[in-house]
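All chains, full assembly: derive it from the sequences and hints.
Quick note, the sequences are listed as chains A and B, same order. Numbering (my numbering) for the first sequence: 1 to 230. Numbering (my numbering) for the second sequence: 1 to 404.
Derived by calculation from the structure, the hints in this document are not laboratory data. Any given hint could be a false lead.
What the hints assert, rightly or not - Now the in silico label distances, taken between C-beta atoms and shown as ranges: (1) B:Ala371 x A:Glu137: 29 to 39 angstroms; (2) A:Thr67 x B:Val282: 39 to 49 angstroms; (3) A:Thr92 x B:Leu296: 28 to 38 angstroms; (4) A:Gln199 x B:Phe24: 49 to 59 angstroms; (5) B:Phe24 x A:Asn100: 52 to 62 angstroms.
Claimed, not checked - Derived, one-sided and incomplete: chain A residues facing chain B with beta-carbon distance under 7 angstroms: (6) Asp64; (7) Ala87; (8) Asn102.
Think of the CB as a built atom: it goes at the ideal place given N, C-alpha and C, for glycine as much as any other residue.
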Amino acid sequence: MSEERSEGSLLECSGLVRSFVMRHRVVRVLCGVDLAVGRGEVVLISGRSGAGKSTLLGLLGGMDRPTAGIITFEGRRLDRLSAGELAELRRTRIGIIFQNFNLLPSWTALENVEAGLARHGRLRAERRRQAAAMLDELGIGDRLRNLPLELSAGEQQRVALARALANRPSLVLADEPTADVDTDVAREIVRRLVGAARQGAAVVVATHGIFPADTADRVLVMHEGRLHPQ
Amino acid sequence: MSYLLECTLRELRRRKARTAVNVFGCALAVALVVVLVGLVSSAKSAANAVLTSTGTHFIAFVPLCSAACPVDAPAGDAESFVANGVPATLFAADYVAKVGGLPTVKDASPFLLYRLKDERDGHLFTIGGFDPASPTAVATTCCAATDVISGRFVRPDDSGAAMLEEAYARARGLNTGDTLAVAGELLTVVGMVNPGIRPAKADVYVPLPDARPLIERRIGHPVGDQANIVLVEVAGSSLQGQAMQSVRETIPGCVISTYACYKPAALVAGINEGSAWLLTIVIAVSAAAFALKSQLSSVIERRREIGILKAIGWADARVVAQILAESVLQAVAGGFIGCIAAEVLLWAILPGSAVGAAAAGSLPGRLPVIALGMALALAGGVIAGGIPALVAARMRPAEALRRL
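In structure tokens:
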């Protein structure tokens with residue numbers, strides 16, 4: 001078991017285990033992961049497909065519960081929070097870029113980004129303006145009213161990126177963000193993620209291929225359910 | 001417009017095919033419920049109206065040998081007041097009024113049935129004096145206007161007029177328009193009747209005011225307003241037993257003659273009522289199950305989207321509210337369309353049948369059924385949306401995303 005620590009950690013997990021029951025068999029995907037990510041840090045997690053990178057990101061984002069181990073985010077134990085508290089965290093403090101974009105198919109680009117914006121204290125028009133500005137900034141300001149199916153893969157990923165970053169989250173989790181896009185879009189995505197880190201966010205990127213390792217502060221490899229330094 | 005409503009309407013608008021299927025399913029279910037409940041209800045009412053008045057009549061008389069009138073009975077071929085084939089005694093008219101005033105009795109009417117000998121050939125026949133102005137009890141126990149096979153029915157203001165029972169008329173070779181001598185009085189035959197099987201049957205029917213002097217002439221003393229039979233129509237087949245008991249208590253020593261068909265009628269009415277409710281429940285449950293299945297399919301299809309919404313921070317309550325709102329809106333729209341479709345069906349197609357006509361006949365009468373249809377749609381929407389929404393909302397976002 002390796003232990004990765006960073007000074008002033010925003011996110012920490014230790015002894016993280018996640019098992020699934022598949023066809024009456026217990027499959028251990030994570031076998032005791034320790035990780036600490038600080039503010040402004042970009043951590044790249046690589047590993048072959050099926051190694052458990054997405055599972056780890058799901059746990060770090062409070063979308064799943066660990067079988068064992070603890071996760072601390074901004075000093076709060078995620079494994080002890082209720083589903084509602086976790087949802088609140090995801091809505092306000094965590095931005096997630098999913099594998100395969102995961103956009104809502106019947107919602108326009110603008111509506112997809114708006115859906116991810118925290119609502120309280122903000123007027124509808126303000127949220128809409130903010131979502132539109134974000135998309136415009138990513139170069140798809142002319143595609144606001146288009147449904148995901150009417151967008152290219154690169155455009156869809158930019159919408160997903162806009163949705164993840166719109167709230168200016170303190171933690172960004174990106175699962176294969178450059179996997180299905182061309183080089184220019186990939187470069188833009190990397191630039192945005194690094195930019196978010198420079199503004200103080202902790203960024204964790206899971207990838208099994210194309211993501212420039214030199215942009216990351218640390219690169220870890222997921223192997224046999226554990227994280228190892230590259 | 002709230003964000004929830006906007007999202008809901010957007011979902012429904014952009015998933016036109018799915019929305020149309022759900023609305024159509026709900027409309028079909030509600031229309032079926034409204035039409036079938038309307039038809040079942042009117043069929044039940046129509047059947048019950050017949051069944052309630054089936055066998056709800058009887059006659060009461062006091063046999064001459066009873067303790068109430070200890071007089072020797074006349075010989076079998078002697079002239080006498082008769083009822084149900086046996087000599088019977090007269091009783092005061094206020095007994096008829098008392099019977100008519102019983103709460104279980106719908107109508108009571110006096111009847112004089114006298115057996116006499118023909119003056120020419122000595123054959124025995126009966127003359128029945130009845131009150132044509134009191135048709136209810138008379139029609140069910142004695143004879144009705146619908147029993148006329150030629151000529152007409154006797155009117156209350158007729159004088160010197162008689163109706164003959166068909167078999168008697170044929171036996172005597174008499175026809176409408178002929179004259180008939182009874183107790184030295186010539187009566188004109190105004191009609192021929194075939195009352196079938198009735199508890200108070202006569203060969204010759206005359207209005208009560210004409211019957212009295214004819215009979216008085218034979219018995220040699222005034223009859224006054226007495227009668228020897230009271231004809232009774234009961235308020236409903238379920239009250240028959242109670243009514244017979246009350247009449248027995250009102251007229252001491254009386255014998256009641258009835259046909260026991262009120263018993264199966266009351267039983268059938270009960271079965272009819274029960275099966276109508278059962279059918280309604282079966283239809284309602286089927287409709288709700290259909291709506292639930294339809295909505296459940298829709299939610300299962302959208303499991304990934306629900307997972308995405310939860311993953312980007314939508315609270316469970318918000319996800320449930322969104323799915324519930326979609327389901328309820330579709331159900332209300334479907335219910336409304338279903339009710340209109342049911343009305344159109346009832347008005348445009350079904351009036352061809354008697355039951356359909358009855359079902360379509362009264363909109364205010366059908367309002368509870370329409371309200372039931374709408375309530376069913378709403379309940380179906382809440383259940384069909386609520387259950388899958390709760391199931392979906394309880395899933396962890398990662399699980400919902402992983403399942404697809």
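Results of checking the hints against the structure:
no.: 1; hint: B:Ala371 x A:Glu137: 29 to 39 angstroms; result: violated (55 angstroms)
no.: 2; hint: A:Thr67 x B:Val282: 39 to 49 angstroms; result: holds (47 angstroms)
no.: 3; hint: A:Thr92 x B:Leu296: 28 to 38 angstroms; result: holds (32 angstroms)
no.: 4; hint: A:Gln199 x B:Phe24: 49 to 59 angstroms; result: holds (51 angstroms)
no.: 5; hint: B:Phe24 x A:Asn100: 52 to 62 angstroms; result: violated (33 angstroms)
no.: 6; hint: Asp64; result: holds (4 angstroms)
no.: 7; hint: Ala87; result: holds (5 angstroms)
no.: 8; hint: Asn102; result: holds (5 angstroms)
This entry does not satisfy hints 1 and 5, going by the numbered hints stated previously.
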